[in-house]
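The lines below spell out each chain.
2 protein chains.
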Amino acid sequence: MFTGLSAFPLTPMNEQGVDENAFTRLVEQLATAHVDSIGALGSTGGYAYLSRAERTRVAQLAVEAAGNVPVMVSIGSLRTRDVLLLAEEAQKVGVKALLLPPVSYQKLCAEDVFSLYETVSANVSVPLCVYDNPGTTHFEFTDELHGRIAELAHVSSIKIPGVPEAPHLAKERVERLRGLIPSHVTIGVSGDVFAAVGMNAGCEAWYSVIGGLFPNTALAITRAALSGDAHEATRLAERLKPLWALFRQFGGSFRVVATAAELRGFTQHPSLPLPLRTISGEGRKQIAAVIDALELS
Amino acid sequence: MFTGLSAFPLTPMNEQGVDENAFTRLVEQLATAHVDSIGALGSTGGYAYLSRAERTRVAQLAVEAAGNVPVMVSIGSLRTRDVLLLAEEAQKVGVKALLLPPVSYQKLCAEDVFSLYETVSANVSVPLCVYDNPGTTHFEFTDELHGRIAELAHVSSIKIPGVPEAPHLAKERVERLRGLIPSHVTIGVSGDVFAAVGMNAGCEAWYSVIGGLFPNTALAITRAALSGDAHEATRLAERLKPLWALFRQFGGSFRVVATAAELRGFTQHPSLPLPLRTISGEGRKQIAAVIDALELS
Numbered sequence: 093m094f095t096g097l098s099a100f101p102l103t104p105m106n107e108q109g110v111d112e113n114a115f116t117r118l119v120e121q122l123a124t125a126h127v128d129s130i131g132a133l134g135s136t137g138g139y140a141y142l143s144r145a146e147r148t149r150v151a152q153l154a155v156e157a158a159g160n161v162p163v164m165v166s167i168g169s170l171r172t173r174d175v176l177l178l179a180e181e182a183q184k185v186g187v188k189a190l191l192l193p194p195v196s197y198q199k200l201c202a203e204d205v206f207s208l209y210e211t212v213s214a215n216v217s218v219p220l221c222v223y224d225n226p227g228t229t230h231f232e233f234t235d236e237l238h239g240r241i242a243e244l245a246h247v248s249s250i251k252i253p254g255v256p257e258a259p260h261l262a263k264e265r266v267e268r269l270r271g272l273i274p275s276h277v278t279i280g281v282s283g284d285v286f287a288a289v290g291m292n293a294g295c296e297a298w299y300s301v302i303g304g305l306f307p308n309t310a311l312a313i314t315r316a317a318l319s320g321d322a323h324e325a326t327r328l329a330e331r332l333k334p335l336w337a338l339f340r341q342f343g344g345s346f347r348v349v350a351t352a353a354e355l356r357g358f359t360q361h362p363s364l365p366l367p368l369r370t371i372s373g374e375g376r377k378q379i380a381a382v383i384d385a386l387e388l389s
Numbered sequence: 093m094f095t096g097l098s099a100f101p102l103t104p105m106n107e108q109g110v111d112e113n114a115f116t117r118l119v120e121q122l123a124t125a126h127v128d129s130i131g132a133l134g135s136t137g138g139y140a141y142l143s144r145a146e147r148t149r150v151a152q153l154a155v156e157a158a159g160n161v162p163v164m165v166s167i168g169s170l171r172t173r174d175v176l177l178l179a180e181e182a183q184k185v186g187v188k189a190l191l192l193p194p195v196s197y198q199k200l201c202a203e204d205v206f207s208l209y210e211t212v213s214a215n216v217s218v219p220l221c222v223y224d225n226p227g228t229t230h231f232e233f234t235d236e237l238h239g240r241i242a243e244l245a246h247v248s249s250i251k252i253p254g255v256p257e258a259p260h261l262a263k264e265r266v267e268r269l270r271g272l273i274p275s276h277v278t279i280g281v282s283g284d285v286f287a288a289v290g291m292n293a294g295c296e297a298w299y300s301v302i303g304g305l306f307p308n309t310a311l312a313i314t315r316a317a318l319s320g321d322a323h324e325a326t327r328l329a330e331r332l333k334p335l336w337a338l339f340r341q342f343g344g345s346f347r348v349v350a351t352a353a354e355l356r357g358f359t360q361h362p363s364l365p366l367p368l369r370t371i372s373g374e375g376r377k378q379i380a381a382v383i384d385a386l387e388l389s
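For the protein sequence lines, the chains are A and B, in the order given. Under our numbering, the final residue of the first sequence carries the number 389; numbering is consecutive throughout. Under our numbering, the final residue of the second sequence carries the number 389; numbering is consecutive throughout.
Errors might be hidden in some of the hints.
One copy or two, either will do: identical chains are not told apart, so a pair holds if it fits within one copy or between any two.
[To be verified] Taking lysine to any residue pairs in the SDA-like style, the calculated list, with each CA pair at most 25 Å apart, reads: (1) Lys199 / Thr234; (2) Lys199 / His230; (3) Lys188 / Met93; (4) Lys199 / Gly254.
Hints were generated in silico from the structure; no laboratory data involved. Remember, predicted model here, so these are calculated numbers, not experimental data.
Same shape as in the complex, but just chain A (with noise of 0.2 Å):
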């Protein structure tokens, strides 16, 4: 389940709590267009603003929204006392796979983060995604230690935050991690806007965020990269350079996603949870109008 379109989607929540209908609409979409795999309760699934309780509903909800699509959920918690009871209900209600971030207040070390994918590989039965992205967990991998990691029991795929924008440099990239991890464990590109260099370059997966609301313009992206047709790949993702210009603008995805998603109807305002707010103003209007001329589905 490691290769192709991992698409997350949104957990749309507010402070009565999460829209278990719309979250349920978001993932049958998902079933429908025939992602590969589903990574429900991501960053952009939102797993760091819900308590274990919601957690385990939501991953709940996903599996059986599903239908045959394996499900993967974020483990990712401050303490390995809630990681560990996180898998132990995930795993219960079904998912086929957990996401773990090194999640940090205080800063982490490369042996607190090794012994916590050690202590957590010994204790799982489905596999493992590694989660690296520095703009949410403020942690650094070494290529080093995602080797170290990589060689643990259950370890099956690497999601990278991305990969430097030249083909070439992306493919040094790629090819220095590939020869630090055994062989079957995927590479997986994250950061959209990297997302047709890093499968051009030889990442096998694509974790991605719009994938999660519009995933059959991210399948067109998936399916030309990893059949090797770079070319048409990199067309396809350079269509959606307004997209990704306001990514930039608003600090990154995950606003703009959730605010798409109120837009196109696929959820109610407010869809996050305060302090987080959707965008409004002139910002709103300048997304609706990117996400109706590039015709995301």
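Starting from the known structure of chain A, arrange chain B on it as the hints suggest.
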């Protein structure tokens, strides 16, 4: 209560829970030393690693052990909803002030943070201290935002993350902020390394990590600086250079102070929640040597 030494004790905890007896003893020691206030459940107090029930319990223990010394606790949480609940529970157990960090996972913008403080300000009855530390919250305040927040009801102090090392630049920095906030709002320095420079530059308070474990050492610096004896404050702080060097070496004060607490028998090992750990091996020996040589108390 927002002047002088505000001492931030550790909350000893491990996989079995909070060591309530050790915590109580740490707080009693601060009361005995006559610190000006106690900042329980700050970043040093590990608030981020505890459940709401555990935080309320620790706040209660702090109030009970502090005697006449006023207690402040952090109400930081990713969601406004949880911040409000924490504020309510902390006030019920008798804390005298609330420390509010803009904790983030997805990046916050200035308007998110302003609305967080605005909402909390409208829903509390005790003073608020603004917590500015990008190292843990990953949010960067501008002075303009500080100015807007400082106008809100109940806001009584700003905990700043440090000052420039050069005394004239530190003075400029403190005066610039002072010019933007009401006169009843104090400025307190944090980052122990900057304490003497900060107070000599006009900060009225020191929100202190070492003060939570070695209150007499921290009080001597505070009393010298706030009585106008900048020279003596500087001398006392410079004596602690080997300790500041350890903070730099081990990525901040947190693990060094937690390790020192174990070494001095204030807490039992392990005293941090996994995946965090105190420092072992050669580093631990270095810390033992420094705290003994400096006669911290």
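Hint by hint, here is what the structure shows:
Both within a single protomer and between protomers do lysine 199 and threonine 234 lie at most 25 Å apart by alpha-carbon distance, with minima of 15 Å and 23 Å respectively. Taking CA atoms no more than 25 Å apart as the test, lysine 199 paired with histidine 230 passes in both settings, with 8 Å inside one copy and 12 Å between copies. Taking identical chains as interchangeable, the C-alpha atoms of lysine 188 and methionine 93 lie at most 25 Å apart only when both belong to the same chain, with a minimum of 9 Å there against 53 Å between chains. Taking the closest pair of Cα atoms, lysine 199 and glycine 254 come within 25 Å of each other both inside a single copy (22 Å) and across two copies (18 Å).
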